[in-house]
Amino acid sequence: MKSAWLILGASSAIARAFARRVAASGADILLVARDGEDANTLAADFVLRGSPSCKAIGFDGDVAAAFRDFAQGAVPNVFLAFGSMPAQSEIDADPAALAQTLDVNFASPVALLHRLMPVLEAAPGGAIVALGSVAGDRGRLKNYVYGAAKAGLHAYLQGLRARGVRSGVQVVTVKPGFVDTAMTWGLPGMFLVAAPDAIAASCLAAVAKKRDTIYAPFFWWGIMTIIRHIPERIFKKLNI
Amino acid sequence: MSVRWKNSTLAGWGRFAATHARVARPERQSELDRVLSDTSASLIARGAGKAYGDAAQNGAANVANMQRLDRLLAFDAATGVLECEAGVTFRTLLDAFVPKGFVPPVSPGTAFATVGGALAADVHGKNHDRHGSFGDHVLWFDLLCADGQTRRVSPDSHSDLFAATIGGMGLTGIVRRLAFRLLPGTGHVRVETQRIADLDAFFAAFEAARANATFSVGWIDALARGAKLGRGVFETAEFAPAASVAPVAKTLPIPLDLPPFALSRLSVGAFNEFYWRRAPAQKRASSRPLDAFFYPLDRLADWNRLYGKRGFFQFQSVVPDATAFAATRKMLEAVSAAGTASFLAVLKTLGGPGRGLLSFPLRGVTLALDVPNAPGATALMAELERLALEAGGRIYLAKDALQAPASLRAGYPHLAAFEETLLRWDPQRRFASDLSRRLRIGEATP
Ligand SMILES: Cc1cc2nc3c(=O)[nH]c(=O)nc-3n(C[C@H](O)[C@H](O)[C@H](O)COP(=O)(O)OP(=O)(O)OC[C@H]3O[C@@H](n4cnc5c(N)ncnc54)[C@H](O)[C@@H]3O)c2cc1C
Ligand SMILES: NC(=O)c1ccc[n+]([C@@H]2O[C@H](COP(=O)([O-])OP(=O)(O)OC[C@H]3O[C@@H](n4cnc5c(N)ncnc54)[C@H](OP(=O)(O)O)[C@@H]3O)[C@@H](O)[C@H]2O)c1
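The listed protein sequences correspond, in order, to chains A and B. No gaps in the numbering here: position 219 of the first sequence is 219 in this note's numbering, and each next residue is one more. No gaps in the numbering here: position 147 of the second sequence is 1147 in this note's numbering, and each next residue is one more.
Hints may be right or wrong, so weigh each one.
Anything over 12 Å on all C-beta distances counts as not near chain A; from chain B, calculated [claimed, not checked]:
#: 1; residue: Glu1085
#: 2; residue: Leu1139
#: 3; residue: Tyr1275
#: 4; residue: Arg1355
Covered stretches of chain B (in silico footprint by chain A; criterion: 3 or more residues with CB under 8 Å from a CB of chain A, positions within the stretch not fixed) [unchecked claim]:
#: 5; stretch: 1028 to 1035
#: 6; stretch: 1315 to 1327
Keep in mind the hints are simulated off the structure, nothing from the lab. Here a beta-carbon is modelled for each residue, glycine too, at the ideal position from N, C-alpha and C.
The following block holds chain A by itself, in its conformation from the complex (with noise of 0.2 Å):
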C-alpha cells in the first residue's frame, strides 16, 4: 500500500532533504510549516520529484484531522524536524527564550505527536520518525535547555515506542550530530557537519531495518558514549 508522510516543520534543511526521499519513492506528502510561502515553494519541489499528491498547510488548525483526512487509503507516517536552538547566552538574559525552547523542543512535539499517534494507530504498519539530538544525551554548560528539552523528548519517544509495539506503529528516535543547516550555519565551534541528506538517509535506513533509536551520522554514537561515561565530578569542570 501506498505511504502518506506527515512532515512538521517542512522549512528545517533536513526535512527538505527526508521530503524528497519519500517523495522519490512515491508518497504522498503533507507538509506543516510557518512559512506558508516557502511550504507552497516546497510542496511544488517535492510534486516534481516523483510525489503524486503533495499539500502544505500551518500549524494552527487541527493538523491530526487534517492528516487523518489527506491519508485517506495509504499508510499514514510522520516526519517531526522542528526545533530551535537559540544560544545559550541568549536563553539566560531572556525568560521567553527559554519558555519557547522548552516549547518547541519538547512541549509541542509531544503535543502533537500524542494526537497524532491515534491517527498511525488506525492505520498500522507506518512509523514516526523525530529529530532529537545529541543534545539531549547529556546536559552541557553550553546548552543545556535545549538538550534538555531534548532529552525530554527523547524520554516520550521511549514511551510512545512501547504503545506503538502494541499498536503496530514503529517510533524511530534520531539523535543528529552536527548537520549543515541553518541552525548550525557559521556557528563556532562546529566540527564533523554532516550534509542534511545524509541525515535523512540514515533516518530512512533506521525505517526499513526497524531501529529505534540512531545516531546520526553513525560514529557520533562512539563520541556521545565517551561523553555520557566521563564522570559528573569531572565533566561539571568541562566547558563544552
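Following the hints, position chain B with the ligands against chain A.
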C-alpha cells in the same frame, strides 16, 4: 530575523588565490532579500563554486551562497519549460526529468554546477553547434537588483538587464528563479569514438561532424609534439534508447579512476599515450549513460586536489573559424614546448554568439586545458592568452584567473555596453567580485 554570516575562505575550482569573505546562505527566498539589505558592502552570488577562477568570490566583502535555493517550481511537459530556483543543479535536472523524457538543453562538464551559475556564465556543452549555450534556452529570470527590487527579466522586459545578466558573471545582481526550456532526450547516448592522428585530421573530423552530430568533442594529448601534434580522440554522440546499442566490452570512459600519481611530464605523458592507444583506430559505436558522457570527471570527487595545494589554472579560449587552425597549432606547440604536465586538452567547436553582452561563444573553435600552478605556469598562460587574442579570440571568464584587463577589453567587444548597463542599474556597485576588480570591469575611463 537577522542574517547569519559565516566567515569563510573561498576559491574557485582551481584553488588559486583564495580570499576571505562573509557568506550568507539563504534557505528560502525571503531570506535572500534580507541578505542584500543586511550589508552596505558589496555582494556576489556563488553557486556550486565550479568556476575555476575568482568569479564567485568577493574578498573582504560578502557572498550569497545560492545552493539552498534549489527548488523545482513548475514544469510543463507540453513545452518542456521548467521554472526553478537558481541553486538547482544539473544532477537534479537529470534525476528528475530524464525519467520524463527531458534533458537539460545544454550542460557543462560537471553535474554539480547550478543553473544560476550556468546562466551567469552562459555555459556551453558538447552540443553548441546544434543547441547554442544555456542562455539561448532561458525565457525569463527573476533578478534581485542593487536597489533591492526583484524584477522579472526577459528579452521583452528589461532587455538590457537580460543581455547583461546572461554571461554577466553575477555582476548585475542575483538570479533567484529562472525559466528555461528542457529538450526531449533520453538517459543514454550512442557514442562514436575514433582515434585521431594529428591536428589536420581533428579539424577535418569536426568539420564533418558539425553539420549533423548532436554532440561532438575532441580530447587532445597536449604533450604530443612534432608529427603527433594534435593527436587525440574524437567523439560524437546522439541520444539513444537505453538498450539500442550493446555496450562494447571496453567502453572508453574519460580518464577517471586514475591513481593520484605525481603529475610529472613523464607520468602524464604516459597516461595520455595510454589513453590515445586505448581508443579504437577505426570509428566504433557504444552506448553510454548520459551522465557518464556529460560528466566523466564527476566520478572522481574533488579531482582538483590532484593538483595539490598550489592549485591549477584552466586555460580556455575560443578563436574564430578563420584563424582557429593556425592558432590552435601555435597554442599546442606552446604547451608541449613548456612541457607542463597537462592532461588531455579539450577541443570543441562553437556555433555562434550567445545572447549575453559578455557571452563567451562565437563561431569558432575552443581549446581548454589544465596548467598546474608550477614555475612557468603563469608565463605559459600569458603566452596562450596572447595567441588567442592575436587570433581574434577571447578567454572564458568562467575559467579565467589571470587574464589582463586589456585582454578582456579586446576579446569582448560589448564590454562597454555591459558597463553602461551596470552604471544604470547598479551605480554604487553593490555587486562585485574578485574577478570584477581584477579585470577592472566598470572602471573604464569614458
Ligand atoms: C569539471 C568542470 C567542467 C566544466 N565544464 C564546462 C563546460 O563544458 N562548459 C562550460 O561552459 N563551463 C564548464 N565548466 C565551468 C562551469 O560550468 C561554470 O563555471 C559554471 O558557472 C559553474 O556554475 P556554479 O553553480 O558552480 O557557479 P559558481 O562557480 O559558483 O559561479 C560562477 C559565476 O556565476 C555567478 N552566479 C552563480 N549563481 C548565480 C546566481 N544565482 N545569480 C547570479 N549569478 C550567479 C557567480 O557570481 C559567478 O560569477 C566546468 C567546470 C568544471 C569544474
Ligand atoms: N542542525 C543540527 O546540527 C542539528 C543537530 C541535532 C538536532 N537537530 C534537530 O534537527 C531538527 C531540524 O533542524 P535543522 O537543523 O534542519 O534546522 P532548521 O533548518 O533551522 O529547521 C528548524 C525548523 O524548525 C522550525 N521551527 C522553529 N521554531 C518553530 C516554532 N516555534 N514553531 C514551528 N516551527 C518552528 C523552523 O521553522 P521556520 O522555518 O518557520 O523558522 C524550521 O523549519 C531540529 O529539531 C533540530 O533540533 C539539528
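Would you pick out the hints that fail for this structure and give their numbers low to high?
1, 6
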